[in-house]
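Student: Residue strings, one per chain:
6 protein chains.
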Amino acid sequence: MLTPATLQLIDLALEEDLGRGDVTSEVIFPVEARTSGRIVAREPLVVAGVEVARAVFERVDAQSRFDAVVADGLELKQGETVAQVVGATRSLLSAERTALNFLQRLSGVATLTRKFAEAVAGTRAVICDTRKTTPGWRALDKAAVRAGGGANHRADLASGVLIKDNHVAACGSVRAAVERARKHAPHGLRIEVEVDAPEQIDEALAAGAEVILLDNFTPAAVAQAVAQIAGRAVVEVSGGVDLSTVRAYAEAGPDRISVGALTHSARAVDLALDF
Amino acid sequence: MLTPATLQLIDLALEEDLGRGDVTSEVIFPVEARTSGRIVAREPLVVAGVEVARAVFERVDAQSRFDAVVADGLELKQGETVAQVVGATRSLLSAERTALNFLQRLSGVATLTRKFAEAVAGTRAVICDTRKTTPGWRALDKAAVRAGGGANHRADLASGVLIKDNHVAACGSVRAAVERARKHAPHGLRIEVEVDAPEQIDEALAAGAEVILLDNFTPAAVAQAVAQIAGRAVVEVSGGVDLSTVRAYAEAGPDRISVGALTHSARAVDLALDF
Amino acid sequence: MLTPATLQLIDLALEEDLGRGDVTSEVIFPVEARTSGRIVAREPLVVAGVEVARAVFERVDAQSRFDAVVADGLELKQGETVAQVVGATRSLLSAERTALNFLQRLSGVATLTRKFAEAVAGTRAVICDTRKTTPGWRALDKAAVRAGGGANHRADLASGVLIKDNHVAACGSVRAAVERARKHAPHGLRIEVEVDAPEQIDEALAAGAEVILLDNFTPAAVAQAVAQIAGRAVVEVSGGVDLSTVRAYAEAGPDRISVGALTHSARAVDLALDF
Amino acid sequence: MLTPATLQLIDLALEEDLGRGDVTSEVIFPVEARTSGRIVAREPLVVAGVEVARAVFERVDAQSRFDAVVADGLELKQGETVAQVVGATRSLLSAERTALNFLQRLSGVATLTRKFAEAVAGTRAVICDTRKTTPGWRALDKAAVRAGGGANHRADLASGVLIKDNHVAACGSVRAAVERARKHAPHGLRIEVEVDAPEQIDEALAAGAEVILLDNFTPAAVAQAVAQIAGRAVVEVSGGVDLSTVRAYAEAGPDRISVGALTHSARAVDLALDF
Amino acid sequence: MLTPATLQLIDLALEEDLGRGDVTSEVIFPVEARTSGRIVAREPLVVAGVEVARAVFERVDAQSRFDAVVADGLELKQGETVAQVVGATRSLLSAERTALNFLQRLSGVATLTRKFAEAVAGTRAVICDTRKTTPGWRALDKAAVRAGGGANHRADLASGVLIKDNHVAACGSVRAAVERARKHAPHGLRIEVEVDAPEQIDEALAAGAEVILLDNFTPAAVAQAVAQIAGRAVVEVSGGVDLSTVRAYAEAGPDRISVGALTHSARAVDLALDF
Amino acid sequence: MLTPATLQLIDLALEEDLGRGDVTSEVIFPVEARTSGRIVAREPLVVAGVEVARAVFERVDAQSRFDAVVADGLELKQGETVAQVVGATRSLLSAERTALNFLQRLSGVATLTRKFAEAVAGTRAVICDTRKTTPGWRALDKAAVRAGGGANHRADLASGVLIKDNHVAACGSVRAAVERARKHAPHGLRIEVEVDAPEQIDEALAAGAEVILLDNFTPAAVAQAVAQIAGRAVVEVSGGVDLSTVRAYAEAGPDRISVGALTHSARAVDLALDF
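Chains as they are written, first to last, in the working numbering: chain V, 210 to 484; chain D, 210 to 484; chain E, 210 to 484; chain G, 210 to 484; chain W, 210 to 484; chain L, 210 to 484.
Treat the hints as calculated values from the structure; they're not laboratory data.
Since no wrong hints were added, every one of them can be taken at face value.
No distinction is drawn between identical chains; accordingly, a pair holds when it is met within one copy or between any pair of copies.
Derived BS3-like pairs (lysine-lysine); straight-line CA-CA distance at most 25 Å: (1) K373 with K341; (2) K392 with K341; (3) K286 with K324; (4) K286 with K341; (5) K392 with K324.
Values in this document were obtained by computation on a predicted structure and should not be read as measured data.
Given the sequences, and given the hints that come with them, work out the whole structure.
Tutor: This is the structure in C-alpha cells:
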C-alpha cells in the first residue's frame, strides 16, 4: 500500500517535472504513438521502490501498463530487468525520469543496506536505520532499508522513547528521566537511553531502561558494555560506523547497529528505461 | 521565497516525524521550558537550505526565533555557526531532526557542486545540474546547485527542448526532429540535440540546433567536437563525468558540463544543533 | 503545536461551514462592526481543545484576538470562562460554531476521561485510550484524553505491536507469533499479546510478551490473571468496561484499563460564546 | 458520490493510523496471504456510512473487494451483516479500524436519529439536524441523519438565513433585520428568525419571516405559538429536546424539531469485522 | 476572509507561474534590491479582488507591504490607484502577473455587473448571477458580482432548490415535483420552478412554488407573467438577456434578472503595476 | 494527461458546487434512475477541454460513461455533438454545470484563438498566448490556445527569459542586462528583450538578444523593425492587437504576435447537455 502521504509526494514530483507539459515529446510524438520498454539495472543492485515506479507510470497515464518482473529486495545483476512498460510514447517518456529518480534512490538505499547487512552476517547484530531520512520520504526510505535486509528503528517521534543528554539534563538524572518517561509514555513503548560513557550504563539499567544506546563508543568499549549489560537490556550502537568498521562493531556483540548513512548518504544506483 | 509546493513538502516532512507527537520531549520537558541552541558545521561545507530550516522551526512553533548567521552559498569551516535558535525546548527539539535533515542534504549538494566548480576553475566550462533530482525536491535541489556555484539546466520538461535518440527515431532524422520542434515549441526555448557520435554533429547544426549535447564522449572526442562546432552552438557534455575526470573534460572546451551526481548522489554533510 | 494534518482538518471544517460565505452575518453586520465575547462553560467540564479554538478564530480572521483564560486539562464550573475573543463581528460570528464544535467535543472527551480517572483513583490502574478515535481527529482526541488525566495507548499501527487472535492463528501459536514480531519489529516497541482465556497467559509470558491484554475478562478473572502474571509483564484490561464497572476492574490490580468509549462515545459538553 | 472533501478526510484518517505502516500485520502475515470477513452488527442499529467504509478498504488496497449487503438507512438486528470483504490479509486488517470507526460513528448518528423519528411518528413534526456536526464531517453527518429518517437543516452558513438575537440587536429591531436580510440575501432562501419569547412572534411575522424558530420554549408554549402563527410561517423548535421530551414537543404542533445531539452526542454503535 | 479553498486556488496560481522560479528577475536583480509601485486603473472600472491581490503579494513574500487605497466596489477613473506595494524587487515582480490576473478578471466581472445594474436602475429588478462561474472561482466571482452591485443567486447545489424540466419529467408533473421537494428539502430553502411557457405558471403556483423562473421569455411575455403571478411568488427572468435588452426586461416587472455572462464572459479590464 | 494541479482544480470546482450535495436532484430522482445525454454545440465553435469534461463526470461518479465524439481542436457547427454521457441521473445532473463551465470557457479560448489564427493565415506570423491566463488554469488555457491553432509563449517564469524596462533600468543598459541573463540563465533558454522604440533594437541585437519583442508598435513601425532586424533575431509583436488590426500586424512580417485577450477576455461559447 502506498499511503496518502506517499501519493502526495508522487504528485509533487510529477507536478514539478510535468506540470507545464513536456515540450519535446509533445511536439515530436503523435498522440497515438505507442511503444514499450524495459527498466534495466545498469549495475549490480538490490531493487526497491517498484510499486512507486508503477504508481508514477499509472498516474501519468492510467492506460500505461507496468509489469513488474521482480519485487523489492531482490538482487539484480547488470542487465537484468526490473519491469516492462507498454503504453503511449508521450506518456512513457514523460513518466520516465520521475519513475527512475524514485527507483534509483530507493534501490541505492537498499543496496547500501545490503552491504552493511552482509558485513555483519553471522553476528547477532542487525543493521537498522535512523530518523535521518530524506524529508517527505520517511515511509519509502524505511521500506527500502527493509528491502535491503535491515531493520527499522522508530518510525517517528511517537513510536519510540529515546532519552538523550538534553532530556537527562532537564530531569537532573538518568533515573529521573527514565521514571518520568515510564510513567507517562504509552505502555507499548520501551524506554531507550543514550549513554556516552560506560559509567552511565549501570544507572540506566537501574532506572529500568530497556534499550541502551551506546553512542560513539569504540568496538572495544562496545564489547565491554555488552558484557556489563549482560542481557539486561537491548544494546544498540550508533555513531562513526561505516562499512570499514561495522564488522568490528558487530563482533563486539550488540543487538542493533544503527547507521544514518543508509538513508542520508546512499548514492543513487544506475537504472535505465530502454525502449 | 519558498513556493507552495515546497511548503507542502515541509508539511509532509513534519507530519511524518511529528504528526503523532514527540513522546520523549512531551513527557520530559515542562511546557514552559525554554532553551537556545546553535546549528553548527561539524565539517567544512558549503551551506544551502537556510530558509528551509527557518521555515521548519517556524511552522513547528511560530514563537521560535531563528537567526541566520550565514546565507546559502557561504563556505563554513568545522565549528562555524549557521544559525541560532531560541524558543520552547519542546518545539526546538521536535523541529531539530527535520530541519537538520533538510540542511544536511542540501548543503551536501552545494558542497559537492562547489568541488566540481573548483575543479573546472579557469576553463570556460560551467558545471550544471540535470533533472535527476530527488522527487519532490526539484526547486530546493536546483537552488542548492546555484548555492554551490553551479548553473541550472532546464527546470522541468517545459523549460527546455532536448531531442534524444528516441525523438530522432520517431521523426526519421535529426533534421526532421529539429524542424518539428522549432515550429511548435515556444519561441523562447533553444533547441538542444543529444549526439552520441561525431558524425551527427554536422547534421544537427545544419538542422539549426542551438545546443549540442555530447553524451558519453571522451575528453579527446569532446575537444574534437568543440573544434568542429566552432562556436555555432552551445556545447554541453554529459555522461561519465566525476571529480577525477571533470577537469579533463573542462579543458576540452565545452560551455557546460552537466553532472547528475550533484543531486542524486551527494552525501549529506555533518551539521548539528548544539544546545 | 498543531500539526499540518490538524491544520488541514481545521481547513476542512471551515470550508464546509464558511466556504460559500455567511449570508446572515454578511447582510446584517457592517464590515467595520466590532465586538467581543467570552467562551463560557454551561455545565461543569474539563476543558480541551483551547489551541484548536484559537486557530479557528485566527484562520477566519488573523486580526481577531483570542485570549485563553485557562489551559487544557482544567476543570471549570458552570459559568466560568475559557477564553475571550475580540474582533470584527462578522469574523467572530462566522468562526463561532466551528470553534465551539471542536471545543465541545474535545472537552467532552476530557470530561469523560476525568470521570474514569477519578473512578480508579488510589489504584495502580491508569485509564488509557484506544485507536477507536474519530477519523481525522486522532491527534486531537489523544491530547484530550491526556487533558482528562488518561494515558495514551499506541498512536497508530506503527507505534505498538499488538498481537490478536488473527495474528496468532496465522502463525500457528502464540510463541511463533511473538517470536516473529520480536525479530522483525522495531526494537523500541514492546510486544503486546491479547489473550481471551487464562490458559493463554503462560504461553504468552513464556514466549516473551512484555504486555498482556486481558480482553473481556471479569474483574475476578483479572485479579487471578494479575496474580498469575506476577509482575512479569504489564497488564492491560479491555472490553466491557464502563463507569459502573471500572472501579472493580481497577481494584483487580491491572496496570492499564483501555476504554474505547472515551473517544468514540463521549457526549459533547455545553459551551457557548456569549457576546 | 463521496465529495473531494470527504476523500480528503478519509486520507487524513488513513494517514494518521497507517501512514507509518502496520508493524504487527507486516511482520506476521506473508504478503501473499488472503482472507475474507464480514462486517457484522453487534447490536440492533440503523446503518450509515457504507460507501465510506467501501472507500476506506479500496484506498488501502484497490484489489480488496467490498460487497455491501445493505444500504444506508436499513435497520439491522444483532448479528446481521453489513458487508463482506475479501482481499490481502494485511490490507483488510490495516483498513479494519478506520473503516469501523467511520461506520460505528455514522451508524450511531443514524440510530439515534431513528429513535427521535420514531418518537414523533404520527405528528406533523420532522426531526432535523443542526450545524453542531463533527468538524470535517458535515456532509457525512448530514447523510447519516437522512439515513436515520431525519431531515437536514441548512448545510452551511450560505444555505439558510437564520437571524438570532445578535443580528437583531445590530439592526435595532426584528423588522429591520428581516428587511435587510430579505433585500440582500439570495432570493432562493427563506428568512428564519429565532424568537425567545412569544411577544417577538408577531413582530417577526409582520416583518415577513418565513420560518420562526422557537428556542427553549416549553411544549405548552410551543402549542400556544403554533396557534398564534397559524400557518403563516414554518415553525421550528430547538433547545432542551431529548428523547424523553421530544414527543411532547411534537404533539404541540411544530413543523420541525432540530436536535443538536443527533450529531454531537450520538454514541458509537457496535460493529465488528469477523474473519 | 479568504476561505481555505480560495487560498488553495492562490497557491495553485502561484505554483503554476513561480514554482520553478523567475529566471529573469533572479539573474537581474540583486537579492537586496527594493522598490515600490502602484497598481493603477488603465481604464474606467469597478474594482474587485483587492484582498486577493494582497494575499498574492504576501504569500510570495511576507515582508512585502500592500496598502489598499480603495475597497471592492468602488468606481475608478483611468489613472486612479488601487493599491501601493513596497518590498523586495524580486518579490514584487514575481507576484505582479498573478496579482494582476486575479484583479483584472474580478474587476472585469464587477465592471460588467455595474453596467447591468445601472441599466435597470429605477425598476424593481435586481441583477443576479448564476452558477456559470469560472470553476475554482465560485466564491471570488460571486463576491465580484456583489461588488458590482448585483445580488447572488444560489451559491451551490445545496443552497437553493431549482426544479427544471428534467426534474418535472421525472416526477410526472410540476405539482409532484414541488411537493416532493418541499417535503424533503431543507426548510430554509424556497422552492423555485423554471417555466418555459405561461400555461405552466398557474400549476407551479398552485403547487406552492415560491419563486418562478421565466426562462427565455420575451419582455412582453414577462410582463404578462408578472401580472398573472401577481405577487404570489418571486419572479426571476433568465435567458437571452444582454445589455441591449435588459432594460426592457426590467421594465416588465420581474424581481430578479439572472445573467450568466456576468461571470462567464466578462472581459478582463486593464490594470497595471507601475514602478 | 491531466496533471495533479489540474486534478486539484477540478476538485476545487466540484467541491464548491457539489460539496454539500445537490438538494434538488437528490429529492427528485430515485437513486437507481439512469439516463443518457449529449453535449452539443449551440453555436459554431472550436472545442477544447474534452478530457477535463470527462474527468469531471468520472470524478463525480466512476460508473458514468463518457464517450467523446470529437477531440480538442475540431470545429463544430451548431447542433453537433461533443460527447455522449450515460449514467445515474443524479450523477449526470450534478456534474453537468461544472463540466460545461470548463468546456464553455476553454472552447471559448480555442474559438477566439482560431479567429486570430485565420486572420493571419498566409503570413509568417504565428499567434501566441501570454501569461495573462486565468489563475489556476495555466495548463488548461495554454492547451486551449494550441487547440485553437495558436502557439504557446513561455509556460511560466522559469521557461523563458524576458527582459523588460525594469530589468534594463536595474542593470544600467540593455547590453548589461542581456549579458547578465546570458551568463546565469539556463543555457536552453533564449534571451528575449522588450523594446519600446526602434533605437533600442540595435543595442539589443548587439548585446546578443535572440528574440526582440516590439511592444506597442504600429504595423508600419513593425515593418521597419523587421527590416532592421533582418533575420538576426526572432521578432515578436505585442500590445494593442485585436481582430481588426492583427492582419496588418501580421503583414508587417513578425514571427510571433502575442495576444493576451486569447485567455483573459475570451467569452464562453454556448454548449449544453441535452438529455
